[in-house]
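These protein sequence lines are chains A and B, in that order.
Quick note: to get this note's numbering, add 9 to the position in the first sequence (first position is 1).
Quick note: to get this note's numbering, add 3 to the position in the second sequence (first position is 1).
Fair warning: there could be bad hints in the mix.
The following label-pair restraints were derived from C-beta to C-beta distances [stated by the list, open to error]:
| # | chain 1 | residue 1 | chain 2 | residue 2 | range |
| --- | --- | --- | --- | --- | --- |
| 1 | B | 79 | A | 92 | 47 to 55 angstroms |
| 2 | A | 97 | B | 61 | 42 to 50 angstroms |
| 3 | B | 115 | A | 153 | 24 to 32 angstroms |
| 4 | A | 153 | B | 312 | 40 to 48 angstroms |
| 5 | B | 96 | A | 206 | 27 to 35 angstroms |
Pulled a few chain A residues facing chain B out of the computed Cβ check, cut under 8 angstroms [stated by the list, open to error]:
| # | residue |
| --- | --- |
| 6 | 90 |
| 7 | 189 |
| 8 | 205 |
| 9 | 291 |
Quick list of in silico lysine to any residue cross-link-like pairs, SDA-like style, CA-CA up to 20 angstroms [claimed, not checked]:
| # | chain 1 | residue 1 | chain 2 | residue 2 |
| --- | --- | --- | --- | --- |
| 10 | B | 45 | B | 27 |
| 11 | A | 75 | B | 51 |
| 12 | B | 224 | A | 310 |
| 13 | B | 164 | A | 75 |
| 14 | B | 86 | B | 51 |
Because the hints were derived from the structure by calculation, they are not lab data.
Don't be surprised by glycine CBs; every beta carbon is placed ideally from N, CA and C.
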Amino acid sequence: MPDSRDGPFDPVFNDYESETSLPIGGAEIMRVGEMDDFDVAVPEGGEARSSGGNLRQMGRVFAENKLAVASVGVVVFMVLFCFLGPHLYPTNQTNSQLALQNSTQNAPPGNGHPLGTDESGFDILGRLMFGGQASLIVGLLSALVATVFGTLWGAVSGFFGGWLDSFMMRVVDVLLSVPVLFLLIALVTIYHSSEILLILVIAFVSWLVPARLIRGETLSLRTREYVQAVRVMGGSRNRIINRHIIPNAVGTIVVFATFQVADSILLLAALGFLGLGVPAPQTDWGTMLSNGVQAAGNGYWWQIYPVGLCIVLVVIAFNYVGDALRDSLEVRLQQR
Amino acid sequence: MTGYIIRRLGQALIVILGVVLLTFILAQLIPGGEAKAVLGPKATPTTVAAFNLRNGFDLPIYDQFWRYIEGIVAHFNLGYSYKYNQGVTQVIMERLPKTLTLVTASVVLALIIAIPLGILQVVRRNRPVDYAITGASFFFYAMPDFLVGTLLIIYFSFDLKWFPVSPPSDASAWAIFTDPRAFVLPVVTLCVTSIASFSRYMRSSMLDAMAEDYIRTARAKGASNRRVLYGHALRNALIPILTLLGLSLPAIVSGALIVENVFNYPGMGLLTVQSAFNDDIPVVLGTTLVITIATVIGSLLADILYAVADPRIRLGGD
């Protein structure tokens with residue numbers, strides 16, 4: 010017999026698709042943790058109450074998840090490390106001439122450089138903070154842009170339905186079937202990259218999944234009894250959207266956004282690794298890793314492991330937080 | 004089933020048409036137009052105008068789109084690469100088979116490893132083995148491809164010297180069969196993430212199958228544990244894996260781009276990145292278009308296999 014944690018089987022996101030949507034392509038490969046039970050996050054219930062009851066309950070469930078709390082700790086630590094760290098541990102990270110005067114190239118850890126130096130003589134610990142700023146900012150902002158745009162796209166598509174819905178979803182299908190890195194590189198090549206453009210470009214390849222999710226959510230919420238009841242009672246369309254549909258979809262949106270931060274950081278790291286990351290003199294973790302890898306044959310491990318660890322830690326942390334958020338949302342539903 | 008396949012074909016065609024439109028729009032978005040991309044920033048207005056006239060870029064936009072589609076369908080014409088001094092199609096066709104073999108090999112390997120892992124997790128459900136595999140798949144799922152590849156190179160190429168760092172650049176697509184040693188690391192790197200997600204999916208798909216009524220029926224009529232597991236549960240659990248495979252393809256192909264760059268493997272991904280550095284936009288757009296069409300066809304094949312494997316669709320009237 011299966012254990013109770015395994016929900017009913019459900020082909021990938023079928024819940025969220027009507028028959029008008031193509032099952033082609035798709036980045037909606039479930040995350041590892043998502044596979045056991047991903048037909049959640051569709052809150053049941055009436056008008057979303059603003060009382061703290063739900064939130065407190067969700068908070069309690071979240072706090073019970075030790076891994077998630079630790080992950081929040083990791084995220085907070087990383088943010089402090091990257092943004093506060095340079096004030097406590099000031100290093101020169103922009104002028105390689107200056108950096109070289111004060112240190113040697115490719116120095117191993119120790120001797121005033123806790124994590125050694127890179128091929129330009131930059132201090133690696135300081136560079137981790139410096140590069141982390143770009144990685145975190147681009148990751149967070151592009152996830153934000155993608156989520157907002159995708160939510161609007163999906164909500165409009167699902168709410169109005171008809172040919173507009175078909176058209177908007179076809180657009181999503183087409184973009185989803187393009188392998189994401191190829192599209193990303195095409196965009197970066199056409200618009201030479203700056204940090205802002207990277208945010209927009211990464212958002213451009215990431216808004217598709219939330220658009221589908223929110224469209225499905227809107228479709229299902231639209232037909233719920235309590236929404237129909239409001240309609241019967243004469244509630245306006247605005248009231249339905251503002252008081253019922255959006256508050257009930259917020260959970261899905263927040264959960265998605267959390268996962269997306271991890272994905273965006275990974276995408277930027279991949280671009281950086283390919284040499285298409287944020288332009289010099291700024292750097293990011295992917296670019297740092299790429300530089301380190303070029304020297305891998307020389308055994309300069311300190312140019313590879315710390316930055317690799319930073320990427321993996323942040324990505325795992327955001328994934329666990331997203332997982333726990335979804336679980337706590339689900340518990341809120343079950344106990345209602 | 005014919006109805007299903009025809010519908011699915013129609014959908015694939017719409018997507019391919021949409022992707023053609025997408026690459027066309029991207030080409031229009033090049034600042035300064037294709038002329039600037041081809042002739043370089045120092046081109047004079049006269050040469051730009053002459054270039055536009057010669058290539059029909061002064062025509063109305065819908066005319067240009069029509070010519071673009073016509074060129075692709077009738078002549079496989081994806082534009083001209085001034086960097087390689089060759090048609091984009093020729094440049095791409097040399098590389099496409101290499102990427103296809105890389106992706107196919109790693110998908111096959113991923114399935115061969117992931118399916119038994121998933122079964123093992125179901126058989127040893129909630130035991131240490133199950134937890135260990137779950138933990139490992141979480142870990143490898145979060146590891147970026149380029150990090151996995153880098154670590155593999157460091158240990159297996161530099162330290163142990165078991166495998167070469169990269170396959171010989173002149174190796175043909177078939178070299179994977181004649182000289183497999185050079186391809187071990189790229190293929191393994193590419194399938195690590197797939198193994199993590201496939202085995203997780205296999206586990207839950209198998210557990211769902213175990214909860215079905217036909218399993219209870221099989222047990223009730225006295226089928227052995229083994230027969231229930233492999234005769235009934237496994238066969239049903241395998242079907243959804245095909246759907247997952249179709250949906251995962253774009254992500255796997257994206258991974259191939261990274262892997263090709265890590266291992267200097269001369270496929271479409273390496274070509275795309277090199278062309279990005281060369282500002283060779285026609286090649287970048289061409290690879291994007293061709294690799295997407297290949298991916299769509301791959302997903303289509305997976306879906307058709309799904310239809311063949313699932314008697315509910317195969318025998319259904321629809």
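Evaluated hints:
At about 51 angstroms, the beta-carbon gap between residue 79 (chain B) and residue 92 (chain A) stays in the expected band of 47 to 55 angstroms. Roughly 60 angstroms separates the CB atoms of residue 97 (chain A) and residue 61 (chain B), a value that falls outside the hinted 42 to 50 angstroms. A hinted range of 24 to 32 angstroms for the beta carbons of residue 115 (chain B) and residue 153 (chain A) is inconsistent with their spacing of about 40 angstroms. In this structure, residue 153 (chain A) and residue 312 (chain B) meet the distance hint of 40 to 48 angstroms, their C-beta atoms being roughly 42 angstroms apart.
One distance hint, 27 to 35 angstroms for the beta-carbon pair residue 96 (chain B) and residue 206 (chain A), holds here, with the actual separation near 32 angstroms. For residue 90 (chain A), the suggested interface contact is broken, since its CB lies about 19 angstroms from the closest CB of chain B, more than 8 angstroms. The closest approach between the C-beta of residue 189 (chain A) and any C-beta of chain B is roughly 5 angstroms, which is under the 8 angstroms cut-off, so the hint is satisfied. For residue 205 (chain A), the suggested interface contact is broken, since its CB lies about 16 angstroms from the closest CB of chain B, more than 8 angstroms.
Contact between residue 291 (chain A) and chain B, as hinted, is not supported at the beta carbon level, the nearest pair being about 19 angstroms apart and thus beyond 8 angstroms. For the given pair, residue 45 (chain B) sits about 24 angstroms from residue 27 (chain B) by alpha-carbon distance, which is inconsistent with the 20 angstroms threshold. Straight-line distance between C-alpha atoms of residue 75 (chain A) and residue 51 (chain B) comes to about 63 angstroms, which puts the hinted pair past the 20 angstroms bound. Among the hinted pairs, residue 224 (chain B) with residue 310 (chain A) is inconsistent with the structure: their alpha-carbon atoms are about 61 angstroms apart, more than 20 angstroms.
Straight-line distance between C-alpha atoms of residue 164 (chain B) and residue 75 (chain A) comes to about 41 angstroms, which puts the hinted pair past the 20 angstroms bound. Of the pairs offered as hints, the one joining residue 86 (chain B) and residue 51 (chain B) holds, with about 18 angstroms between alpha carbons and a cut-off of 20 angstroms not exceeded.
Of the numbered hints listed earlier, those contradicted by the structure are 2, 3, 6, 8, 9, 10, 11, 12 and 13.
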